[in-house]
Amino acid sequence: MTAGMARRLKRYQPPGTSPGTLPETGVKATLELFTYGPRGTRKASPPSVAAALALPRERGWLRVIGLDTRVVEELGRRLAVHPLVLEDILNPGQRPKAETHASYLFFVVDVPVLLPEGLHEVQVSLLVFSDLVVSVEEESNPFFATVEKRLALGSGRLFQYGPDYLAYALIDTAVDHFFPVLEKLGEQLESLEETLLQQQDHVLPQLHQLRRDLLQLRRSLWPLRDAVSTVLREENPLLSPEVRVFLRDVQDHVLYLLDILESYRETAASLLELYLSAVAQRTNEVMKVLTVIGTIFLPLTFIVGVYGMNFHHMPELAWPWAYPALWGVMVILALGMLYAFRRRGWL
Amino acid sequence: MTAGMARRLKRYQPPGTSPGTLPETGVKATLELFTYGPRGTRKASPPSVAAALALPRERGWLRVIGLDTRVVEELGRRLAVHPLVLEDILNPGQRPKAETHASYLFFVVDVPVLLPEGLHEVQVSLLVFSDLVVSVEEESNPFFATVEKRLALGSGRLFQYGPDYLAYALIDTAVDHFFPVLEKLGEQLESLEETLLQQQDHVLPQLHQLRRDLLQLRRSLWPLRDAVSTVLREENPLLSPEVRVFLRDVQDHVLYLLDILESYRETAASLLELYLSAVAQRTNEVMKVLTVIGTIFLPLTFIVGVYGMNFHHMPELAWPWAYPALWGVMVILALGMLYAFRRRGWL
Amino acid sequence: MTAGMARRLKRYQPPGTSPGTLPETGVKATLELFTYGPRGTRKASPPSVAAALALPRERGWLRVIGLDTRVVEELGRRLAVHPLVLEDILNPGQRPKAETHASYLFFVVDVPVLLPEGLHEVQVSLLVFSDLVVSVEEESNPFFATVEKRLALGSGRLFQYGPDYLAYALIDTAVDHFFPVLEKLGEQLESLEETLLQQQDHVLPQLHQLRRDLLQLRRSLWPLRDAVSTVLREENPLLSPEVRVFLRDVQDHVLYLLDILESYRETAASLLELYLSAVAQRTNEVMKVLTVIGTIFLPLTFIVGVYGMNFHHMPELAWPWAYPALWGVMVILALGMLYAFRRRGWL
Amino acid sequence: MTAGMARRLKRYQPPGTSPGTLPETGVKATLELFTYGPRGTRKASPPSVAAALALPRERGWLRVIGLDTRVVEELGRRLAVHPLVLEDILNPGQRPKAETHASYLFFVVDVPVLLPEGLHEVQVSLLVFSDLVVSVEEESNPFFATVEKRLALGSGRLFQYGPDYLAYALIDTAVDHFFPVLEKLGEQLESLEETLLQQQDHVLPQLHQLRRDLLQLRRSLWPLRDAVSTVLREENPLLSPEVRVFLRDVQDHVLYLLDILESYRETAASLLELYLSAVAQRTNEVMKVLTVIGTIFLPLTFIVGVYGMNFHHMPELAWPWAYPALWGVMVILALGMLYAFRRRGWL
Amino acid sequence: MTAGMARRLKRYQPPGTSPGTLPETGVKATLELFTYGPRGTRKASPPSVAAALALPRERGWLRVIGLDTRVVEELGRRLAVHPLVLEDILNPGQRPKAETHASYLFFVVDVPVLLPEGLHEVQVSLLVFSDLVVSVEEESNPFFATVEKRLALGSGRLFQYGPDYLAYALIDTAVDHFFPVLEKLGEQLESLEETLLQQQDHVLPQLHQLRRDLLQLRRSLWPLRDAVSTVLREENPLLSPEVRVFLRDVQDHVLYLLDILESYRETAASLLELYLSAVAQRTNEVMKVLTVIGTIFLPLTFIVGVYGMNFHHMPELAWPWAYPALWGVMVILALGMLYAFRRRGWL
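Protein chains in written order, with the numbering used here: chain A, 1 to 347; chain B, 1 to 347; chain C, 1 to 347; chain D, 1 to 347; chain E, 1 to 347.
A few of these clues could be false.
[To be verified] Calculated pairs, DSBU-like style, for lysine-lysine (alpha carbon to alpha carbon, straight line, at most 35 Å):
no., chain 1, residue 1, chain 2, residue 2
1, A, 97, B, 97
2, C, 43, B, 184
3, B, 184, B, 149
4, E, 149, E, 184
5, E, 97, E, 28
6, E, 149, A, 97
7, C, 184, D, 97
8, C, 184, D, 184
9, C, 28, B, 184
10, B, 97, B, 184
11, B, 97, A, 149
12, B, 43, B, 149
13, D, 43, D, 149
14, A, 149, B, 149
15, B, 28, A, 184
16, D, 149, E, 97
17, A, 97, E, 97
18, A, 28, E, 149
19, E, 149, E, 28
20, C, 97, C, 28
21, D, 184, D, 28
22, C, 28, B, 149
23, B, 97, B, 149
Since the hints were made in silico from the structure, they are not lab data.
Please take these sequences and the hints and turn them into a complete structure.
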C-alpha cells in the first residue's frame, strides 16, 4: 500500500475470510497493570494477560501497548469478548465507535499526532468492565502520562468513581489531543492566508495538504460524536449517572472541535477561491500592460516601417519638414492612445 | 497563539488535565450586586462572593466582571455549582449553550462587538438560581446598561416575574447586540457590491474578511439556537411558563438573525463568483483589443518591411505608382480585418 | 440604513430595550371594518379601534392600513393581545410565522411586489379571533380587493364558515401574489439565458440582481412553509376541520412555489457557470487568432528585417534571384505554419 | 407566458380568486369507459359523465382525455369530489401528489415525453373510488395503451384485485415512462462526454439544456416519491394490502430513478468543470506557443532593426565578417531561448 | 444501449408491461447445491431446480449462476416467491436492497470488480428461507470461493447457526470486495495527485473517470447501508439475535467504506480545483514572460525603426556620436523596465 491518502484504509483481510479471524500482526505487546483503590495505586508489568488478571485488585487498568495477536486473543478468551470486537481492536484505522455489550462497553478512539510529514492517527481501543478497563494502544505513546500521574496521586475523582470514570478520563485525554492539532492547523491556515494576500507563491501544495489533514480529522471526529451520543442515549449499568455528566462534557468538546473544524474547512475552501480570483486578477493586469504597450508601439512601428521602404518614388521623403512632422503625428497618436486607456481605467 | 482565525480556539489546558481543574487566569474581577424587590432596587459593590451572598435580598443579580479564578471557585463552592460548569465559565471561546442542572440553569452566550480590526466576541455566562442570577462577563462592557436602567426604575416586568425573567432580559440584550453588527456587515456587503459592479479594485481582501466575520457569527448563532430550543423543550420549574413565552421570542430573533446571516453568506459567495466572472470578462476584452491591434499591424509591418529590404534586384521599387498602390493595398487589408472583427462581434 | 441588501433588516430598537416596548412609527393608520353575516356585508370606516369594536357584528374583519403605534396599542389593550405580538406587528421585516395563543391565532405573511427597482415585500399581520379577523397591513395596497369583492357578494364559503375561513382567504391571496412575481422572474431568467447564449453582454449585473431577488423570496417562503405546517399540526378550536383542508391547499401552493424557486435558483447558478465557461471559451478563441497571426508574421518580419540591414558585405543582396527566392521561402513558411495550426485544430 | 423555463409554472388564476373556482379551459374532452369484471371487459364512449356513470358496471375505468371544465365540474358534482381537487385537476403543472379523502384517493402524476425541442410533461390525475377509477389526462396520448390491452385480455391480476390495482397499474405505467427518457438523457450525457474529451466544440448549449431537463425531471420525481410514501404510510381501506406490495415496488422504481437522476446531475456538473479545466488548459497551451514565438523573434527583430538604421557613423556596418557574425549571435540567442523553454517544460 | 454512463440503467421492459412479467434473458444458468449439517457438507450439481429441492438436506445453499428466466420462474413457483421479487432478480442494475417477506428475506447486493476498462458491478440476489439460501448471481465469478472453502471445512460458525448466518457470510464477502476496489481507487487518486503537483499533463480524463467510478460505488453503497439498517430495525424470526450482531458488523463496514468513499470524492473534487488553480497560475507566468519581453522590445524596435527611415532631412543621422548615444538610451530604457518589473514582482 502506498503512502498518503490510501494509508488510512484499514488493514483488511482477503474478502470472504471468516469474520472474527484475527489477523497475524507479528507485533509483541508490552503489558502494564495499574491496580488502584482506597489503599492507593500499584503498577505492575505482568508478563502475560493471565498473570495480569490473576493479580488481586479492587479496580484495575490493564494497558496493552502494541497490537499483539496473541495477547488480544487471550484477552478475548479470558474476558469473554466477542470475536468481532477483537478483530476491530487488531485492525487499526477503524471508525471511532462505541458499542454496548452485555458485560462490557467497547470504545474505539483515534488520537491525532501532527508529525512534520503530515497528520498521523493512533487507534486506542477501550474495554470497560465493571472492575477493569483494558486499553489496547496501536503503538507506544505519551498520551496517557497525565492520567498515570493522576492515578499515582492516590486520591481524586478517579478513586471516587468506578472504571467508567477511568474510561472517561482516557477518552477525554484522547479528545483533548485534538486541540493542539487543530490549533496548529489553524495557525498554518493563518499563515497561508497572509502569504496569499501578499504574494501567493507556492501556496497551492500546502493548502491542498492542509485540506487533506482537515478532511482526515473530520473522519475521526464525526463518528466519535455519534459514538458518544449513542452511549449517552442508551441505559447501561456500566455507566453511572455521575460519569454520564462528564461524558456529556466530552461530547461538548467534540461538538466544539467539529465547529472549529468545519469553519477551518470552509476557510480553506474560501482561500482557494481567493487564490483563483487573485491569479485571474493578476493575469488581467499583466495583460493590460502588454496590451497598452502593444497598442501604442505596433502602429508606431508600422509607421516608421513605411518610411524605411526603398521605393524610388516616395515624395514625402524629400519634404524638408517631413521628419519632425512625423514625430508630431506619432506623439499625438501615442498620447491619444494613453488618454483612451486612462478613460477605460486601464492605467 | 497568533491573531486571527486561531484566536477563537478557546484557551485549553494540557491534554489529560483532570476535568474541572480551573485555569489560573491571573485576572481580578469586579463584583456588583443588585438586590431588587417590591421595595425597589439597591446596588452594592461587595468585596467578595461571601460578602455578596451574605447581603439580605429578595431577588438578586450578582455581576462578576472579569474571569477571576478565585471568585469563580468561591462561587462554585458556595452555590454548589458543578466543576465542569466552572471550567466552562473560565475558558472563554465556548460554544453558546444551555444546561439544566438540579438547582440552577447554566447559559453561555456570546456578545459580538464590531471593532475596526474585525469582529470580537465577549463571552457571558449566566447561572440562574431560584432567587439569584449570577452573570460572569469576560471583560468590562456596556452591554447591560439598559437592563440596569430598567432595574433602577423599580417597576415593570422585571419586578413581576422571578430571576428567570432577568436572565431572559440579559440573553435578549445579548441577542439584540447581533442586530447592529449584522446591519453593519450588511452595509459593508452593499458597498462592496457597488464597488465591484463599478471598478472591482482591491475588493478581494475585504470580501474575504467579511466572509470570515460572517462565518464567525454563524458559529455563535447556530449553537445558540440549539441551546434555546433545548431549554424550551425541557420541563424545568426554574423557568416559569410566562417567561417561556419571552424566551420563545428570543428564539424567534435568533432564527431571524440566522436567516439574514445565511442570506448574507450566500450573497458574499455570489459576489466572489461575480468578481471572478467580471475579471474573466475584462481579460477577454483586453485580449480582444490586443488581438485586433496585433492582427492589423503585424501583417502591415511585415509588408512595409518587405520593401525596406536592400536587394539590388527588386523590380517593384522602381515602379512609379508602387508606393501609392501599396498604401491602397494596406488600407484595404486593414479595412477588411476591421470588417471581419465587427462581424465576429469583437468591436 | 442604506438601501438594498440591508433594507430588509427589520427596524430594530436599541439593544436592551424592554421587550414589548412598541416603537414610535409616527404613522397614522386608516381603519376599515367589514361586518358580515347572513344579512350581507356592511363596510364602515370607524375613526378608532374603540369605535370599531363597539359596532354590532356577527363576524367582522377589521382592516388596519398603516403601522400606527397608537392603534396597535389600543388593539392590544382591548383584545388582550400579548405585547410581543404587538411588537412584531409594528416591526416590519419579520419572518413569516404562525403562533397559537389562547384566544387568538397570529399570522405574519409577506406579500411580494415586483417594482422596477427590485423586489419589495409588504408585511401583513393577521389576528384571528373566534368572531373577528384583524389585519394590519404595512402600507396601503390593492392586495385584498378580490376578497372585499367576494364579501360584497353576500354569499359563498366566506359566509358558510367562520373568521378562520376569512383568514385563510387572506393568506391564500397573499400566497397567490407570489405566482406572478415568480413568473416574471422566470421570464427574466429565460431572457437572460437567451442573451447569454447569443452574445453575453452585460448580463452579469442583471443575473446578480435576479439571484438576490430569488434569495429574498426564499427568505419569505421557507418560514411560511414552516408556519403553515405548525398551525396544521396543532389542535386548535379556532381552526375548523373544513378550513384546515383549505389551509392544506395553501401549504401545497407554498411547496409548489418553493419547488419552482429552488429550480430557478439552480438555473441561475448554472447560468453563471455557463457564462464563465463561455467567456473562457471566447478568450481561448481570441488568443488563438492572436497566436496564429503572431506566429506567422513575427518570423516573417524578422526575415525581411534581416535583408533591410545595411552591412556593406551581404552577398545575398546582390544575387539576382534572391528577392523572388525569399518570397518563396516566406510563402512556404507561412503555409507550413497554417498547416500545423490546422492539424492542432486551431483553425 | 413565454416558452422554456417559465413554461412549467402552472396556469394560475388572478390572486384572490375564490379557491375551488374552476378555470375556463375551453377544451372539449373525450370520454372512454371500460367496465370490467368476471365476464370480461367492455369499452364504451359515453357522450357525458352522466351517461358514463349510468352504465351498469362491476368495476370501471372512466378515462377523460382533455381538461374540459364542464366534464370535471360534473364529475365533481356527481362523485362528491372536493372543489380544490377539481381545481388541481384542471391546472396542469401541479406537483405530483397523493391525497386521501373520505371516499376516494387522489393522485397527480407526470408522464415525461422527450420531444426534439426538449422535455415535455403530461399531467395525469387519478380519482380512485371503491368501484371506479377516473383518470383525467391533459392531452391525448398513447401512454396507457398497454393497460388497455391487459384489460382486453379478460384475465390477470387486474381482474383479481379491485380498482386500487388498476390505479397502481396506471401509476406504474407512468413511472415506467421515465426509464426511456432517462436512458435517452444518459446517452446524450455519454455523447457529450466523448465530444468534450476530444474537441469540445459547442457543447455548452447542449450541456445546459441537458441540465435543465434533468432539473425538470427531478421536480417530477421527488414529490412523487413523497406522495407514494405518504399513501403507503397511511391506513386506508381503499388500498388493499396486496396492492400495497405492488405500490412499494413503484416506490422502489422511483428511488432507483432518483438515484440515476442524481448521479446524472452530478456527472453533468462535473462535465462542466471538466470543460472549464480543458479550456483553461488549452488557453495555457496557446499562450505558450505565442510566448515562445514572441520571446524568440521580438529580440531578433530588434537586433536586425539596429543594423537597418541609417546613421552615417556605424562602424560595424563596414566590418567584413559582421554579417555572418551577427547570424551566429542570433542563432545562439534563439537556441539558448529554446533551451530555456525546454527546461521550463514549455516545449 | 451505449457503453459507459448509461450502462448501469437496468434492463427495463416496455412501459406498461404487467408487473412481475419476467424478461426473456436467453441465458442458461448453472446450478450448484451445497447441503450441510453436522455430518459435513455435500456438493451437488442438480440439473434443475426441482431436482435440487428434492435432494435431502438439513440446511442448503442453492447457487444459481446466470440469470436464467426458466430457472428463476421455477424457483418462484416452487418456493412461493412474489413475482416482483423474481422480476428484480432477473433485472440486473437494481439498487441494493433488503425486503422481508412472510417466509423469506430478499437481499440484492452489488459486488464491484475493477476491470482495466473501468468499474464493473455484478448483482447477487439472495433468498433466505428457514432452511435454505438461494443465491442468484449475474455471472460466473470467484467471489464466494472462500465461503465454499469454509463450508468444506465441516465445522465453524456456519454449522453452528442457521442459513441466516450463511446469508450474512455471503453479504459480508460481497461487502469485503469493496475494500480492494476502494484501495485501488485510492492509489489512483494518490498517483494522480503526485502527477498533478509535478507536471499536470493529461490528468483530466483520468480524474474524470475516477470521479465516475466513485460516483458509481456510491450508488451501490448508500442503498446497501439503508437496506442493512432496515433489516436490523425490523423484528423477524428468520434472523437470529446472534446473526444480527454479525450483520451489525457488516453495517459498520459499509459505514466505514462510505466514510472513505466520501473523503475520496471530496479529495477528487479538490484535485480538480487544484488543477484549475495550477493552470491559471501557469498561464499567469507564461503571460508575464511574454509581457516582459514585449514591453522591453516593442519600444526598442520602434526606436531603431525610426532611424531606419529614409527621410532626406534627418539631422541625427549625421551626428558622429548618435549611434553610441542611442545604444546608451536603449540600454537605460531596458534596464529601467527590468527594474520596474522586478519591483512589481514579475521577475
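Index of numbered hints that the structure contradicts, given in increasing order:
2 and 14
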